[in-house]
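Number of protein chains: 8
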Amino acid sequence: MDRSLEDLFADVAAGRLSVSEGADRVRRLGLTSVGDFACLDVTRAARKGVPEVVFAEGKTVEQVVAITQRFLEHDAVVLCSRVSDQQAVALAAEVDGAVEHDPRSRVVVVRRAGAERREERGAVGVLAAGTSDVAIAVEAVAMIRAMDVRALTAFDVGVAGLHRLSGPLAEMEEAGVGALVVAAGMEGALPSVVAGLAAVPVIGLPTSTGYGFGGRGEAALMGMLQSCSPGLAVVNIDNGIGAGATAALIARAASS
Amino acid sequence: MDRSLEDLFADVAAGRLSVSEGADRVRRLGLTSVGDFACLDVTRAARKGVPEVVFAEGKTVEQVVAITQRFLEHDAVVLCSRVSDQQAVALAAEVDGAVEHDPRSRVVVVRRAGAERREERGAVGVLAAGTSDVAIAVEAVAMIRAMDVRALTAFDVGVAGLHRLSGPLAEMEEAGVGALVVAAGMEGALPSVVAGLAAVPVIGLPTSTGYGFGGRGEAALMGMLQSCSPGLAVVNIDNGIGAGATAALIARAASS
Amino acid sequence: MDRSLEDLFADVAAGRLSVSEGADRVRRLGLTSVGDFACLDVTRAARKGVPEVVFAEGKTVEQVVAITQRFLEHDAVVLCSRVSDQQAVALAAEVDGAVEHDPRSRVVVVRRAGAERREERGAVGVLAAGTSDVAIAVEAVAMIRAMDVRALTAFDVGVAGLHRLSGPLAEMEEAGVGALVVAAGMEGALPSVVAGLAAVPVIGLPTSTGYGFGGRGEAALMGMLQSCSPGLAVVNIDNGIGAGATAALIARAASS
Amino acid sequence: MDRSLEDLFADVAAGRLSVSEGADRVRRLGLTSVGDFACLDVTRAARKGVPEVVFAEGKTVEQVVAITQRFLEHDAVVLCSRVSDQQAVALAAEVDGAVEHDPRSRVVVVRRAGAERREERGAVGVLAAGTSDVAIAVEAVAMIRAMDVRALTAFDVGVAGLHRLSGPLAEMEEAGVGALVVAAGMEGALPSVVAGLAAVPVIGLPTSTGYGFGGRGEAALMGMLQSCSPGLAVVNIDNGIGAGATAALIARAASS
Amino acid sequence: MDRSLEDLFADVAAGRLSVSEGADRVRRLGLTSVGDFACLDVTRAARKGVPEVVFAEGKTVEQVVAITQRFLEHDAVVLCSRVSDQQAVALAAEVDGAVEHDPRSRVVVVRRAGAERREERGAVGVLAAGTSDVAIAVEAVAMIRAMDVRALTAFDVGVAGLHRLSGPLAEMEEAGVGALVVAAGMEGALPSVVAGLAAVPVIGLPTSTGYGFGGRGEAALMGMLQSCSPGLAVVNIDNGIGAGATAALIARAASS
Amino acid sequence: MDRSLEDLFADVAAGRLSVSEGADRVRRLGLTSVGDFACLDVTRAARKGVPEVVFAEGKTVEQVVAITQRFLEHDAVVLCSRVSDQQAVALAAEVDGAVEHDPRSRVVVVRRAGAERREERGAVGVLAAGTSDVAIAVEAVAMIRAMDVRALTAFDVGVAGLHRLSGPLAEMEEAGVGALVVAAGMEGALPSVVAGLAAVPVIGLPTSTGYGFGGRGEAALMGMLQSCSPGLAVVNIDNGIGAGATAALIARAASS
Amino acid sequence: MDRSLEDLFADVAAGRLSVSEGADRVRRLGLTSVGDFACLDVTRAARKGVPEVVFAEGKTVEQVVAITQRFLEHDAVVLCSRVSDQQAVALAAEVDGAVEHDPRSRVVVVRRAGAERREERGAVGVLAAGTSDVAIAVEAVAMIRAMDVRALTAFDVGVAGLHRLSGPLAEMEEAGVGALVVAAGMEGALPSVVAGLAAVPVIGLPTSTGYGFGGRGEAALMGMLQSCSPGLAVVNIDNGIGAGATAALIARAASS
Amino acid sequence: MDRSLEDLFADVAAGRLSVSEGADRVRRLGLTSVGDFACLDVTRAARKGVPEVVFAEGKTVEQVVAITQRFLEHDAVVLCSRVSDQQAVALAAEVDGAVEHDPRSRVVVVRRAGAERREERGAVGVLAAGTSDVAIAVEAVAMIRAMDVRALTAFDVGVAGLHRLSGPLAEMEEAGVGALVVAAGMEGALPSVVAGLAAVPVIGLPTSTGYGFGGRGEAALMGMLQSCSPGLAVVNIDNGIGAGATAALIARAASS
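Residue numbers (the numbering used here), protein chains in the order written: chain A, 1 to 256; chain B, 257 to 512; chain C, 513 to 768; chain D, 769 to 1024; chain E, 1025 to 1280; chain F, 1281 to 1536; chain G, 1537 to 1792; chain H, 1793 to 2048.
Hints in this document: simulated from the structure, not taken from any laboratory. Mixed in with the good hints there might be a few duds.
[As the list claims (entries may be wrong)] Interface residues of chain G toward chain F, partial, derived using beta-carbon atoms under 7 Å: (1) G1767; (2) A1781; (3) T1782; (4) A1789; (5) A1790.
[Claimed, not checked] Incomplete in silico selection of chain B near chain A, CB under 7 Å: (6) E262; (7) F265; (8) A266; (9) V275; (10) G278.
Computed from a predicted structure; not experimentally measured. From the three backbone atoms N, C-alpha and C, an ideal C-beta is built for every residue, glycine too.
All chains, full assembly: derive it from the sequences and hints.
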């Protein structure tokens, strides 16, 4: 279709098509072709630098591989989340590129053959309140690293009380993190506390850890939304991918 | 902007711009101008024939008038819903066109000066289960008529039992309605019953009539969504405008 | 019972029963016999042309077969949804008629032996936002085809951005679809976008794809209900059958 | 329409219409006339003995009067609930019959001129947990009495602890109540306690008394639904009318 | 403890205790002994005639047998609901009495050895809207029969449209049912329809049949609670036991 | 009824009644008299030392005065909550006793004429996170003081960050509080933080301060319920009375 | 870090650091070290006497063992809840201390080698409404005993009616319990009844026992929150650990 | 307290206090003084540069003025949100500083007398989908400007279709915005669309604009949380302040 835009102008330039006919055809493109949209999108994808994500849960092995390959035609890096072992094996075997599988986060990162890793730019700190929140937190880490941003982690800050928090936080600030991702389930208080202490924006990542009333992440989500701590925004329950992408975007801009 | 598309081709035709430069400029239009989208939209609006709607509740008198006038630059008919008396008076005084105000539905229909009413095409039957549902049902009627579709009404079908239903329904079928809008609050059973009896598609219109648990329209909405009656689709609680627009689109197509 | 209505009139015609006695008996029919209702229903079923549906999930193999056979006494086509492989095998083996099983949609369509397929009349376009929505979208397709309406599909429109949308949509409009079914989970934005672009009515079909807060289809349902796009009505979460039936009814009427 | 049924048979009897034609016309009645339904309904209304109810809230004074008058054409007693003072005055002035207004329950009972009160048959006990529940409880009382059933009341049983309960309950049982209505807000425990003590069926009537989480009657409704006390069924929050009607039906049958 | 009440009076009669001392001791009984309560309870249980129910789900085989045996010390009939096959086998083997197991309802009824079945008194009609509602409806039937009340059933009334309803309903009315239990899932409309047609009280029994929004019985429950049909009260979702007990109490009283 | 218990024993003592007849009569008392329950209750009320509470909102001035006077017959102290100015004036004018009105908490405490204030025993600390939570916190204070327990308050601990917390908390611990009431709206984090720092039990008191999703106290309630801090239990949203009563009971026991 | 505080003062004492430099360093400690927080925490943990809890569900065997060992470095007693058999076996094998496993409550209590059990101080009564609530109630018991508080239990109080309640309650009061934990599912009425009878504070413990609407503990939680019984506070659904800890804290204080 | 830290070290330096005694006192500071926390907080506030916010709704005029003055002792800029006209007048009259009142956003910004506005650093784009969302969007603008960040606005992008979007978006990108705030009610689709087009992080700001099911902002919030657009995080419904603060933090960092 990119070709047809050039063809169209060539036809007008050559007098094979009138000026008004050319303008009309462009107007009709919106409904007759994907071209004008597609080119914009590709431009944007390159600028934004967030890899496409394949949510693997509920898809067949074949679907995950096929979609990943389709993305790789346009993108250098594709990230597959909630990947089963079987899906990970198939990706490694069938996709043409470098495949990294992190079983803890159930994320597979695929780099197109020949696509080089860019230099790291910026840093994000990722904290998790409890052991049960780690699986989601590492999903954020995987996304951050796939975006060529450095990730610093502190995963046991809630295990033995808030006193474990200040040390890692200070280290992260010294390392120049541009944003923080804070994963927490239960009442979800940690992101609010961190946003009250840290100077950088915080992405609250509620997890579905908890029990009883509000225990599937609703209490954590609600609490983060009600927080008055400045500089705290949230993503959906268990959305480590989204938290990581937003934090990495922020950190990258802050480091430039 | 429409002009600049012509200008652009003229420049290419005249050799003032290269073919690839012309193509590039069109690609950039997506983010630098509203033109390509706008022309599509105007085309579509004309084809679809659904008037733009100004939701007046929560807007100032000035805002309602200004937005209506802006729409009238492109559209022959504009519909204002949930209009206060004061807003209706202002519209009648300040807008250049024919202004009809129906206090029962709180709808104002504005036709641009000089815009003629088209001939009616197709018909929709509008039923209301109870007296309290009428205010919402007539909102649907106003939209249907603004779309130049005939509206037949039967508003007391639920007052004294379902036996009041078959007469009006038969009349509507004989009149050749292409769709039915059925407004109901409480448990919202009427649309399901009607969809079981009538041969044409039914738009269920839940209203916020009711009390206690589920009484603000949730029970009516839920019940309509759970119904197995064939040919029933629903709109949001109290969304008479949306129900009318969809039903009129269906009826118009069926009458052609 | 059909016979008894004839008998009743014959008795009055023959003077074996008085006129007022005849009238009284008809009045009492409502509670003493299914006859008057039943005949209406059969008439309506024929006119409406929506096949009866057997929701197979949670029923035994025997129940599914028995109910299907009962329906086939009156109806030429019966559709079984959410069918297990075992149920599908039993239907193929035990029901007297042509049995088509589509494993992707888990739908079995049974045509009574001797019942001929009618000519297709009208067309519906079915779109799915993502790979995970396809299973529900094909349920709609199965119903549309069982109603002898043509179904056009485009199932990867959301995979790589909205730019994939305009091509298929233009094709569908050119093919003369009278209605669109748009399946989407997550935030359910696609039906709203399509209803803003297309000239025909759109049936929004929310799917239970998603995660976290609102992730079992509630966000998709809510979003579609809140949409202001003209000509959009919705069915319940994952109700492909209902979406297909309504869209096919609309398309058939529009094509006549 | 009743006449046309007689006419129909007369035509068949006179040979002006064939037998099969007569039967066909009856079959078509379902959709072309309200007659066959209407006669059944009127019969049923008479047998069931529950007066029609006009829910006055949200209706204009004119609407309430008009609907009441329409009902009075067929029914001897009509009950208007949630009546404003203005509506009550209008009913007293304009309706032809005996009008009783009970400001506490906001119920107006209208008996058609000439319609005599029937002898009381059966008795219902009505209890309220707290002072705030009384307004709803007396709505039930109004309905019970309008159905010519005796109503015994005990309205302060929850004011000073459950010890106030056993006295009134024993009195009611001695008076031979056939059913009990028990109104309660907050956690709604009283109906459960009463159903555990009393030998007759109990209708739980949750009221919108309460505060905080579940305080608009949801906690009361939920608690009554979860109760294991034998012989307890519930109506919607604040639905005194429905509770009274059901209890009176039970009591009347038990007394015969 | 019964003995100590006699002892207490004997002591006062013998002058071993003063009158006021005797009265004081009775007052203190509430907190020091179960005796006075227990005797009331036993009296009531006998009068009310609702068997004790053991909810077997989530209990071990041993627990179910032990609780059943404990109840049988005081009660002639005990009903176990949601019984697994293993629990049913154990009850049959270990409990001293007549054990009936109905696998469809998963109810076991145990009659103490020597306890004779009383003559049936009264009748209840039990209807189910769809095949999926039958499992819950038969739970109600089991309770009704355990209370020595006759149960009439009609379980396919919703399978092929409402026209299947009037026949069974008329039969049930002729058989003199004193109450109806109507089980329905989905939008739960059947109880409302039945309550509009039948002269006797109706117990609405919402079932967890359905799908999507409100599909675990909430839509059915809400719809029944919002219904205006006179004489309809409801029990919790899937609570066949409670519906049966209430209906049987009503029917028994009506038959005396 | 108290008299009849004495009479009963007197009759047995005098031989006018047999011993078994006397015992039987006591057993029947449960349903024929309030006496045995009442005496227990009065005993308990005295022991427990929690004043009766009149929830004034939604009651008429007359009702509030009448109920208060009834309670004063048995209790030395009665507390009226959510009192309007008009109700407070009426109580002061018409009730025989000492009436204290605290406009901030909208609580009126009435001490029966002649009833002396007992010496304070134990102490409770009451904290509020923000200015908006104070109205509810002082309701707790009023109850605590009415129970003759000392109340220490710190109401601006959340205004300028958590650093305002440790000072008051240390003071309260030094003053020997036996329990803490912590009122908080929004995300409701303060009670959890306090329970992590303090050695005494904490009663979390969620308030309806907040906005948006979960903003009417649900987020605060959920967060407190999800908290893992040891020694934290909660009451309903805005239930200052209940929080105060529980904390005072704890503190009184701890001080003895 | 404790060392560095000493070092810091030593440096100032020795003149190696100025006074203001020393003060500044302490001020910076908040963000550069965990020391000041940690020492407070350890002090508090010792004073409060609530053991740390490891929520084992959703953690690997290795994680449970590792976290438990980490806690044992500072705490004499650690409690693991929701423990699988496999986790329990691993704890017994790998942790250095006395390990008690109670399969009914799925709690493992670990006492550090050499840590002696302290003398019991205070007593708590634990009641359960039904057999299904026992698993949660014994979790509370395990926590109470781990805190060296005596636990009295009565677990079948709801099996055969409330009359089973008064005996155990009286016994518990005589034994001097300082608090009660009352576990109940369904409508959750028992804690409210107990709080109305008992003189000591009651911790309501809602359990996820129930069915249908509100049946996963929401009805129980809501009912307890709405209760007006004085001295009742609640914990989250199925949070036996929290209920036990709060009750034991109260009881211990009351016994001193 | 700052002084006492110096005093403490001076005492140790002078030998008036031992080293270990000094260390112990610091450890105890956590519970006996606000000093160590306070100093950290003040440092952080200065670094973070987010002004303190007084939520004026529900506070008295006196409270708003007093809290504002207290904050001004430490902070140069204080922002009051949801301010009534009366509160704004009082602030202007009584507070010592420059008071700007923006009636549209109901925000008052107070700068301490003598505090100079800093130079603008960074820029944020603020978009609103509809006229009704503007009031919330301008709250975000007020916060952004109070943080000395430039705010660009485009408030009618949703009035006449998405084609109004690309122009302003391109302008904002050219102006170098570091973040976008996108306010939307109804189905809340705009932030998702913008995040798909723009290269910078987007803060979704759901507003309580809408109607029917999900119409108080829940649908908008849910939709934004479910969105897959990269780089989108959200704040609570109507939380313009929070959205502005987060976006300004991001933009400021990106501009350095």
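Structure-based check of all given hints:
no.	hint	in the structure
1	G1767	holds, 5 Å
2	A1781	holds, 5 Å
3	T1782	holds, 5 Å
4	A1789	holds, 4 Å
5	A1790	holds, 4 Å
6	E262	holds, 5 Å
7	F265	holds, 4 Å
8	A266	holds, 5 Å
9	V275	holds, 4 Å
10	G278	holds, 4 Å
Checked against the numbered hints given earlier, the structure satisfies every one of them.
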